Structure formats: structure tokens, C-alpha cells
Amino acid sequence: MKINNVILRTVSKVVVFIILTLAIYLFLSGHHSPGGGFIGGLVMASALVLLFIVYDIETVQKAIPVDFKKIAAFGALLAVGTAFGSIFFDVPFLTQSFAYFDLPFFGKTELTTVTIFEAGVALVVVGVVVTIILSISEDV
Amino acid sequence: MNNVLVMPMIIPVIAGILLIFLRPYIKLQRWVSFLVMIVNAGIAVYLLNRIQTEGILRLDFGGWEPPYGILFVADSFSVILVLTTSIVTAICLLYAFSSVGKAIENMYFYSFVNFLIAGVNGSFLTGDLFNLYVCFEIMLLASYVLITLGGRKAQLSESVKYVVINVVSSWVFLIAIAYLYGTVGTLNLAHLSERIAESGQTPLLTVISIVFLTVFALKAGLLLYFWLPGAYSVPATAVAALFGALLTKVGIYAMIRIFTLLFYHEPSVTHTLIGILAGLTLIGGSIGAIAYKDIRQIVAYNVIIAVGFILVGLAIGTQAALEGSIYYLIHDMIVKALLFLLAGTMIVVTGETRIDHMSGLIRNYPSLGWIFFIVMLSLAGIPPFSGFIGKVLIGQGAIETGSYILLALAFISSMFVLYSLLRIFLNSFWGETIISKEDKVPMKKGWIIPCMLLSGGTIVLGLGVEAIAPYVLDAANTLMNPQLYIDAVLNRN
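If you read the sequences in order, they're chains R and G.
Going left to right, the first sequence walks through residues 1 to 140 as the numbering used here numbers them.
Going left to right, the second sequence walks through residues 1 to 493 as the numbering used here numbers them.
No lab work stands behind these hints: they were computed from the structure.
Remember, it's a predicted structure, so these values are computed and weren't measured experimentally.
Keep in mind that a hint or two might mislead.
As a list, the in silico DSS-like pairs of lysine-lysine whose alpha-carbon atoms are at most 27 Å apart [stated by the list, open to error]:
id : chain 1 : residue 1 : chain 2 : residue 2
1  : G       : K293      : R       : K70
2  : R       : K70       : G       : K161
3  : R       : K69       : G       : K27
4  : G       : K153      : R       : K69
So, partial list: chain R residues that the calculated Cβ filter (under 7 Å) puts toward chain G [stated by the list, open to error]:
id : residue
5  : L77
6  : V80
7  : G85
8  : I87
9  : P92
10 : F93
11 : L94
12 : T95
13 : A119
Here a beta-carbon is modelled for each residue, glycine too, at the ideal position from N, C-alpha and C.
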């Protein structure tokens, strides 16, 4: 069944970018204020799910040709890997560290290892949510 | 730095994740998983010896000192169980190589076995109550996948029950944790123990301890075992062996830990209740073990009898009885895995699940028959095998405290174990063979070698009790003296 959803398609082309921007904002603000990898990942996944609903699964998978199970696994590897990294510096497992750098354009910026961990969490959330949605939709 | 403490949990996690990327390379997956278990066993031996010289070890994650951060604590009790888990899993994996089949192996089977072991080891090592919950969940999530892999109708119907029961019990677990946190304001086990001792285990705390008892009773199959025989008889043999050997034991571990470290002030309430539950479990398990003719049911009810038996030791709660429980716990992990592997092999070679439909197997497969004979003697507690020492020590503890009813139930249940297995032996191994020469399924080396290794394990454990005695003594000593644990964690020695 082909439904004519021009309005939905046109709106979501813009809205997806707004959602993705919000996702990245939430992800980066997570260190000191509400937000973080989990919630950023969920918002990012919701943008992808919107695409899956508006266009069909095949079209989106052609545009984003990745296996979301692998994305989830890569995220988990990243998160566990940063935790594991502390072992090589002879500090307790899961220790985090941070430092301030003067980056061009951004000015004085705090860079921390937690961000890498959070990126892993975000990828796991995106991968898992999209995989769940896709497998449910396949069943119907 | 004690970073090595986290290895038994984190190596399987990393291996499990990497194996997702190595999906097409099944051979590599097999040997990576096997190697992980061997490495874990090595780490456990190293830790066990360090604990004897340096005392209880701990690792504060991220450098957050207890009681503020979360931590892993390794005492002899938990590391002994990590060691046994690693060895039993390695052998069950060997069996899985030639039995589960490509279709299941390809569905991330080895990844989930690794995650399961990560959860089990994490539960043993954690020193934080909420972390215990998290590790339980890791283990359970992996087990949900493993129980349904294959997707047969029976598996799906049993797994629905299994998942619902475990989700409900996890929810009760969370509520119990919330109650306890609301009452004493900490989740660190050592800190909890100290605070509960200060307030003297008020009636409120005793009630909370009963909520914990309910949760762990569901997980361990203590009286609330109605879900167990069905759930353990549907998955692939190697998975059933892992479940039978490990999953209920984690519940038992948690129960022993909670009721020796936290709620040990009111034994007349809590430990009496555990004793009653253990007694009823022994009765129910014994009836179940002789009531069925389906070999998988008989084996599953044998798991339940062992749960009751081990917790008799906790209910009595003397040094000897706890030592007995620890010995029996180790013994039961090895022997239950073996029993499940044997039952699975018998079903594969005959194509039958009912014992009265099998006959004369010992003529076709003599080694299988003799191994079954060994496991029968071992479970009944005949001396050269490993079941003996645990039974003797629990019996000694029961006599010391005058718990004659538990003593009688425990030993009568051993007779029922012997009878239920003898029935399998008489029906299935003796008599005229039903398998003709042409139809005979050849016994694969991959089936019989793991069984031989495990039966070797029960003999070695039985004869080599002297060698592990100091470790078990230390483990029981720590359980009897919670102050040792508290001092090691909170650093006030």
C-alpha cells in the first residue's frame, strides 16, 4: 500500500536534523548537566526510527548501509575499552581522567575520557534500539 | 594495584563483544571462548593463593574509596567458586563444540556463554548489593537468550515462564534493595554489615531479610523451584549443563553471603526459616526425582535436592556445616554439569527421553555406562568421590547443633538421589539392548571426553580434599567472622 505522505516526508527531512542536533547537544552537555550518552543515544535512535517510519526500511538501509548489531557491539567495545585502558596506566579499573586544552575556535575546553565512554554508551543505545525496532517490524 | 580482580568478569565481556565481530569464524569463536575460561581459571588460582598470604583483596573502581564507590572483593569463598565456574564452563564448552550445531553456534552462542560467565563471576566477586543485582541481570539476560536459542516450541513456552519468573523476582530484589537502602542508607556489603550490627537487626531489618530470602529462594530454587524442572530440560544439552551447574549456585552464593555477612543476628528467625525451606525442598525434590520417567526431569529434580542440601549447611551455620556447604557447592557444580551432559548424551544416542524406553545402553556404550555409575556414587556420597566430604561435614554440623530433623532429611534425600539414579541405571543401561548395530549412533570423542574430564574432576576432588582444605577452611572462616570481611573492605585493621 502506497500512501501519499509528501507533507510528512518534507517535514521530517528538516526535523531529523533538528533531532540529531539535539541528540549531540544532550550528549555533550551530559558531563556536568542533565544529558549524557544514554539519553543522547535514545534521541539519536528516535531520529533514525522516524526515518524508518517515513521512508521504508529498504530505502533507509540503502542510505545508511550499516549493521546496527555491529554498531551496538562496537559501542560496547568502546565503553569497556576505555574502562580497560585504566589498567595500562596502573590505576584502578574504570578510573577517569580529564584535562583542559586551548583549542582553536572552542577556546578553553575540558576533554575527558568519560566522553569516550559515553560515546560507547550512545552507540550501544542507538544500535540496540534500532535493532529492536527493525526486528519487531520484520515480524509483522 | 588489584586490577587483576576484575579480570574474571571483564575478560569474558570483552571476548563476548569481539566474538560478535567474528561471527563467520566459528572455529576461532570456539577456541577463544575456551581460552578465556582457561585464563580465568589461571587467574582464580593466582588470586586464591594471594588471598592466603595477603588476606581478602579488594579493588575500588575508579579509585572511589568504600563505602562511597562500588568495588570488587575477593575472599576465598568467591574465588573458589570463580575457579570452579571457569573449569566447568571450559569443559561444557568442549561438549558444546560437537553437540550444539552450526545453526545455533552461528547465532552468537559463544558470545552469550561469555556474557553468562561474566555475570556469574561478577555476582561472586562484587562487594556491593546493587552491583550484585546488576550482575544477576547480566547473567539472566544471557540465560534468556541461551534458553531460547534453537526456537523449538517447548523452548519458547518454557522460556516465557522462565523470563516472567525472573523478571518478577528481579523486581522484588530491587524492592528489597530499596527497603534496605532506605533503612540503613548504604549498599556496600561491608558497610551494611557494620550498620546492621550497630542497630542490632531490628524487626524491620529482619522482615527485609525475609524479602531477600524470597528473592534468592526463587533464583536458587529453594522451595520456589516450580519453574526449574521445565526450564532446565528444554535448552541444548551443553546449555542445560551450564544452567544446572551454575545458575542456581549463584542464588545459593548470594543467600550464603547475605545471611552470614548481613543478617546473622537473628538466626532463630532467619536461619530457622531457611532450615524449614531447605527441609521442604529436600522432600519436594526427592518426590520429584522418583516421580518422573523423563530423564531430564529426574536430573532437574536432582538439582533441587542439592540446593536443599547445601542450604541445610547454611541453616545450621556452624563452621563445620559451612565448610561442608562449600565443599558440596564445588562438588555439585562439577557433578551436576556431568549429570546433565550424560543425560543429554543418552537422549541423543537413543532418541528417547523416557527411561523405560531405553535399555541395554552399557552394551553399546560401555564408557558412558561406567561414567554414569561414577556420577551416581559421587552424588550419593560414596567415599572416594567428592560428595562424601561435604555430606560428612554437614552431618557433623547438624549433630553438633542437634538439628536431627534436618540431618535425617538430608541423609534420607541422599537415598532418594541414589534410588532415582539407580532407576535410570537399571532401566537404561542394563537389560537387552534396543539399538541394533546398523542404527548405532557413533559416540563422538567430543561427547565422551568432557564427561571423562568431569568424572576425573569428581575423583580428583574426592581424593585431593587435603589440597583444597586450607582454602575452604579460610572461606568458611571468613563466613563465620564477618569482621574479617568488614576490616578488609573498610581498611580498619
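Check: Which of the listed hints are broken here?
Finding: The structure breaks hints 1, 2, 7, 13; every other hint is satisfied.
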